[in-house]
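Chains as they are written, first to last, in my numbering: chain A, 1 to 377; chain B, 1 to 377; chain C, 1 to 377; chain D, 1 to 377.
One should not assume that every hint holds.
One copy or two, it doesn't matter: identical chains are merged, so the pair holds either way.
[Unchecked claim] Below, simulated DSSO-like cross-link-like pairs (lysine-lysine); rule was C-alpha separation at most 30 angstroms, straight line:
#1 359 to 73
#2 273 to 230
#3 192 to 336
#4 4 to 52
#5 4 to 336
#6 179 to 97
#7 97 to 230
#8 183 to 97
#9 179 to 293
#10 98 to 279
#11 279 to 293
#12 73 to 192
Everything labelled a hint here was simulated from the structure, so no lab data went into it.
Chain residues, written in single-letter form:
Number of protein chains: 4
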Amino acid sequence: MSEKIKLGILGGGGDSLIGVLHRVASSMFDKYEIVGGVFNPVWEENINFAQKLGLSENRIYIDFETFIEEELKLPESERIEVVSVLTPNFLHFPMAKKLIENGFHVICEKPLTTTLEEATILESALKKSNTIFAVTYTYTGYPMVRQMRQMIQLGVIGEVHKVDIQYYQGWINPILLDKELRKTIWRLDPKKAGISSCVGDIGTHAFNMAEYLTGLEVKFVLADLNTRYKDNQLDVDGTILIRFSEYVKGVIRSSQIATGEENGLEVKIYGTKGGFNWKQENPNYLYYLTDDKPMEVLKPGHAYNGEVSLDGTKLPPGHPEGIFDSMGNIYYGVAKAIRNESYDSGEYPTMNDGVRGMKFIEKCVESHKLGNVWLDL
Amino acid sequence: MSEKIKLGILGGGGDSLIGVLHRVASSMFDKYEIVGGVFNPVWEENINFAQKLGLSENRIYIDFETFIEEELKLPESERIEVVSVLTPNFLHFPMAKKLIENGFHVICEKPLTTTLEEATILESALKKSNTIFAVTYTYTGYPMVRQMRQMIQLGVIGEVHKVDIQYYQGWINPILLDKELRKTIWRLDPKKAGISSCVGDIGTHAFNMAEYLTGLEVKFVLADLNTRYKDNQLDVDGTILIRFSEYVKGVIRSSQIATGEENGLEVKIYGTKGGFNWKQENPNYLYYLTDDKPMEVLKPGHAYNGEVSLDGTKLPPGHPEGIFDSMGNIYYGVAKAIRNESYDSGEYPTMNDGVRGMKFIEKCVESHKLGNVWLDL
Amino acid sequence: MSEKIKLGILGGGGDSLIGVLHRVASSMFDKYEIVGGVFNPVWEENINFAQKLGLSENRIYIDFETFIEEELKLPESERIEVVSVLTPNFLHFPMAKKLIENGFHVICEKPLTTTLEEATILESALKKSNTIFAVTYTYTGYPMVRQMRQMIQLGVIGEVHKVDIQYYQGWINPILLDKELRKTIWRLDPKKAGISSCVGDIGTHAFNMAEYLTGLEVKFVLADLNTRYKDNQLDVDGTILIRFSEYVKGVIRSSQIATGEENGLEVKIYGTKGGFNWKQENPNYLYYLTDDKPMEVLKPGHAYNGEVSLDGTKLPPGHPEGIFDSMGNIYYGVAKAIRNESYDSGEYPTMNDGVRGMKFIEKCVESHKLGNVWLDL
Amino acid sequence: MSEKIKLGILGGGGDSLIGVLHRVASSMFDKYEIVGGVFNPVWEENINFAQKLGLSENRIYIDFETFIEEELKLPESERIEVVSVLTPNFLHFPMAKKLIENGFHVICEKPLTTTLEEATILESALKKSNTIFAVTYTYTGYPMVRQMRQMIQLGVIGEVHKVDIQYYQGWINPILLDKELRKTIWRLDPKKAGISSCVGDIGTHAFNMAEYLTGLEVKFVLADLNTRYKDNQLDVDGTILIRFSEYVKGVIRSSQIATGEENGLEVKIYGTKGGFNWKQENPNYLYYLTDDKPMEVLKPGHAYNGEVSLDGTKLPPGHPEGIFDSMGNIYYGVAKAIRNESYDSGEYPTMNDGVRGMKFIEKCVESHKLGNVWLDL
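Could you build the full structure based on these sequences and the hints that come with them?
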């Protein structure tokens, strides 16, 4: 009998890119087998997609409620153990809540919910349950991100005193230029996207990275957002001053109008003894700086890396990791948690990361509305 | 019923890295399901590994002969369609031959065989069959390699007049330094590794890349190999002058003693109208040069890329591809071939690539032994 | 008789690095000859240094007052035409003022003065005179900076809508860590360094770059500075939100505690049609981004560059420019101005750049003290 | 009286780029003053150019013979001490010879002469004299090249076992494409350019770099040159196998048809304990590789660099050096030699470097003509 963890999937059918990412990630360490789920609200598309994946029809359900109901009828040894929630954002909350309450582990796409309030409710629900809950802040899965985190934990760069995280994209620029076009995309529609476009979609990744890497909590934020046009309601750019403590500060810079930038998540962290530079688009190079020695370039797979980094590296040095590997490592972390084999808190992003993310978004928008003032987080 | 192609695997069990690479690659486009195979000659390890993968026991066979025998008994609709051959090099030939002769499609790890003679026999066998045969020259699967190939085909850089391919590794250096240690590894043992270490393992990749990208055949080689120590029999370094025609020349540079280099496959190709630079360790950047315009940096996923490149890119620009993606694209190419959906000859490396590779190795070793003279290929 | 411009130098003697920079820069285009000056307040050192430079003793003066007095006695054809002011910051104002008032052209090191008030007085003095006045914001002399400026002027990236300039150094970190040491350096002593360390020394370069490149004026600033320690009075780090207009914003990031960073002046500018990235430490690469075409990498010396860029490139492409070339180009710009051959306002930084810089520093410090509020500039 | 060395210049007038390079280089360390020379065979241009430089007319001579004659009449304390020979290649030999024989120090542009025979005569002449003789292999002046050399000398990378030097340019490509045009340039005319274009112009730089850096002598060469077209007589591309000893080999790759490449001199050197990568177009980054530690990136001006490297760095880290700095360092090395202050053999390229370079060119051409055979050097 298979030792693999039984995985169910909600959403992610058809041409969904996020669906591909999660399926491949789940396959990477031979830890999961996709058993069933609800890929699409339209039954025919749902069942066709399941067939494409080679799944047994009897584990494909007509809707989420049926999914829960029928799976619970199965003996535990056959039942889906963990569910990936890849549905539109507004469905994350109700689905995740019900899954938790029924004892399923959850891997939830970000943003965790659409409001901080929902996130807090979910957090409470999790506390009462005994389940594993992960939010897929994908970029924390890269081996060199994990290496950077561990080196900071070990004090290699001393006390962290400055954090600068960038997340620059340019994709919304050509859309925004066209007055008609910009009215039509969901990302800029407050009813669908919530209170923020740029901070909500990517600023939150940068924020998560800041806290993940340093192990510190951002205490205050002061946000300056930009909608670029009067008739556009949501931010497409935002610079956020952050403060960890009186003398430890930083900045989060996010944009969707950094014309020509692709997916420019970049990290610069400095401490009393050293610093780090890292760029997501070139994720296998970690630059370690000091006052007086030559810069070092760390790469995945070498014995000089720590365990969590090496755990996420499947091939010898020089075989580049990509974004799939990063998500694969997060799935691997969740698998270890489910099987009680976790040994490090950085193996996957938790409910707390999701809640902090929601809080960050709401406070940034509020800080901006109040005229760029400091708010506590 | 699943639309997926039924995949069998020979070898690649336990901690085999090549096993991980092939399994993940096969999962990437939802085109394959792993059905069975022989992962290990030791039955217990074989069956344990199969269980880890969640495979049904009745498709795990005690040995290759049984595999063939039993699979052939199954109705075609249930039978394994394609087999990945990941066994030690000397087994490639007998296994691939028998698979072809029994109508299985084959995905064979490189080197195709251990001698050119075997390769030629295999080639003949394939001609009589009706099967698809791929040799996994992995690096041709990168989107930007495919883009480069297509641009060369379209004449973007004019007539190719200079080719310089490097494949520098340093991993054998610390082993080679130790007189006792170097006697013990299979890679330097002529009985196990055949006539060449460096050219056979990586020079052949560089050679394949040269012919894949340019669409030209190397006509002559002059090789200068280096065993570094008198007591070491196999080359650990080799520079090979190549000639496509009287005035179109190039060089292949390969090394396993380029201390500190990881997996430095690098391409430089120049033509009458432009040139290309590309590096495997940073595979998402293709540098396109001309006489008088600014250098352009092409990246995966953009609409300016051609179909074969875009086909192998699963996410938007800025989400880095890695080595798994590259192998995934080759598996995808084979899947399209099996389903009669191929539209381009560059979608996977063929038997011909394998045979040319074997010829290249033998001629390089011979050229060197004869005192660095030109030999035709 | 020499056609060269007669150059006098104040300060910059002995081992002064800034002295070397100015002397070499002045030699680069065969436009200047160093005739005399006051290199050092100590006569013996002054005269010895002059001898080292091979200068005639009778043009070396005991002090600034004598310099002015004696030079004015000479016939105009022999008199020093332009004076480089390389003395400590507090001397810039009185020297520059007197030089202007006596009809000498001036090349003044930055900061222009120690207060905005002095700068304004100097500005008035200049208006009444007929002299050329340059402030050496060195980095605007790089050919690719000039190329970027011209492309922005020509509308290549459309309307600028986001500006992000970084200037990160780490040199003060090891000094700051030592409680005793940090009390002893002039850079952190308000009596010697004025109201700011980081913003005053390097933030002002970033600010100048922002206005130089975009041709826009920063209208408002909101600064968050960091002294890092309670007992340290001057900022060693500062993030400054900037606003050009309601929907055109940016950020200036400066630090002297970005541990391990050397001289990390980096430019990111985005407009409606494209964007630019440029890094001072690698000054010969200008990255031009658009929504849908491959990134272009422009380099000095190519015919695709504009005149001001090409004017500052002395050798063919591939011969790297350095910081001396950059300063050399500014000297060249001043020479053209003196000889009435200027054709572009970007050939050297002007009095206005110096005054704006002083204003920027004062407003940033004030914004921070008031609790990080917006101030107009 | 000036302590500066009196410098004369032959050639390099008008718009000569090499003239600019030498003049600026001579000014960089305040060690030279240009006193006179012969800039141009046409008197009017000669004298006008001298005036532009602000030189005294009475030290500008009508021709080389007069230069020698008149300078020798001057008392030694006034006489030109060192002469830069920047004239067309065929004049290097007669001028250098006469200068040496008359006791002048010489800084000679490369190639030293037009034939090996001339070079050998020059070498003998030098042995009889007491003068300093430098050949301007400019690229050995870069601080990080010097640092690499010293680290190799100190055994940091162990015993060197592989050397790969590239010098790729593309400038001749557009000229070569045009059948008429290629007949007209001096570089491809055997009467003017001698026996080689590519190897003679740039291959020789790569060769010099190989010997300069490793301290080893190339013992054998096997060259494969390419004229690209039947009607073109001189090589525009050449790959040269080199051998330092039986098991220490390498390759020199040079091209003028590497379309789009600018001035791509690149070094890869590997030893038993480590390796180096360095690129001329980005000269301030030295990559130091080992088997098992992170790659280190060394940059100029840091205390971890050796004396010869630091001597050639005028400003703190992060202020990029360029090609002028490199030549400046060579002039500085010659100045130290003239003033008996040399402390390292790598401070400037010597007569021996020039003679070796001529030998290399002749042997490469011969090896090619004989059908790509090994010749000793």
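Quick rundown of the hints versus the structure:
1. Proximity of residue 359 to residue 73 under the C-alpha cut-off of 30 angstroms is found in neither arrangement, the shortest distances being 37 angstroms within a copy and 61 angstroms between copies.
2. Taking identical chains as interchangeable, the C-alpha atoms of residue 273 and residue 230 lie at most 30 angstroms apart only when they sit on different chains, with a minimum of 19 angstroms there against 46 angstroms within one chain.
3. With identical chains, the CA atoms of residue 192 and residue 336 are never at most 30 angstroms apart, being 35 angstroms at best within one copy and 38 angstroms at best between copies.
4. For the identical chains of this complex, residue 4 and residue 52 are neighbours both inside a copy (21 angstroms) and across copies (7 angstroms), given an alpha-carbon limit of 30 angstroms.
5. For the homomeric pair residue 4 and residue 336, the shortest alpha-carbon distances inside one copy (11 angstroms) and between copies (29 angstroms) are both at most 30 angstroms.
6. For the identical chains of this complex, residue 179 and residue 97 are neighbours neither inside a copy (39 angstroms) nor across copies (53 angstroms), given an alpha-carbon limit of 30 angstroms.
7. In this assembly of identical chains, the alpha carbons of residue 97 and residue 230 never lie at most 30 angstroms apart, being 37 angstroms within a copy and 47 angstroms across copies at closest.
8. In this assembly of identical chains, residue 183 and residue 97 lie within 30 angstroms of each other by CA distance neither inside one copy nor across copies; the values are 32 angstroms within and 57 angstroms between.
9. Within a single copy, residue 179 and residue 293 get their C-alpha atoms only as close as 52 angstroms, which misses the 30 angstroms cut-off; across copies the closest is 23 angstroms, which meets it.
10. Proximity of residue 98 and residue 279 under a CA criterion of 30 angstroms is satisfied in neither setting, with 37 angstroms inside one chain copy and 48 angstroms between copies.
11. In this assembly of identical chains, residue 279 and residue 293 lie within 30 angstroms of each other by CA distance both inside one copy and across copies; the values are 22 angstroms within and 21 angstroms between.
12. In this homomeric assembly, residue 73 and residue 192 never come within 30 angstroms of each other (Cα to Cα): the closest approach is 35 angstroms inside a single copy and 56 angstroms across copies.
Figure legend: structure checked against the earlier numbered hints; hints not met, in rising order: 1, 3, 6, 7, 8, 10 and 12.
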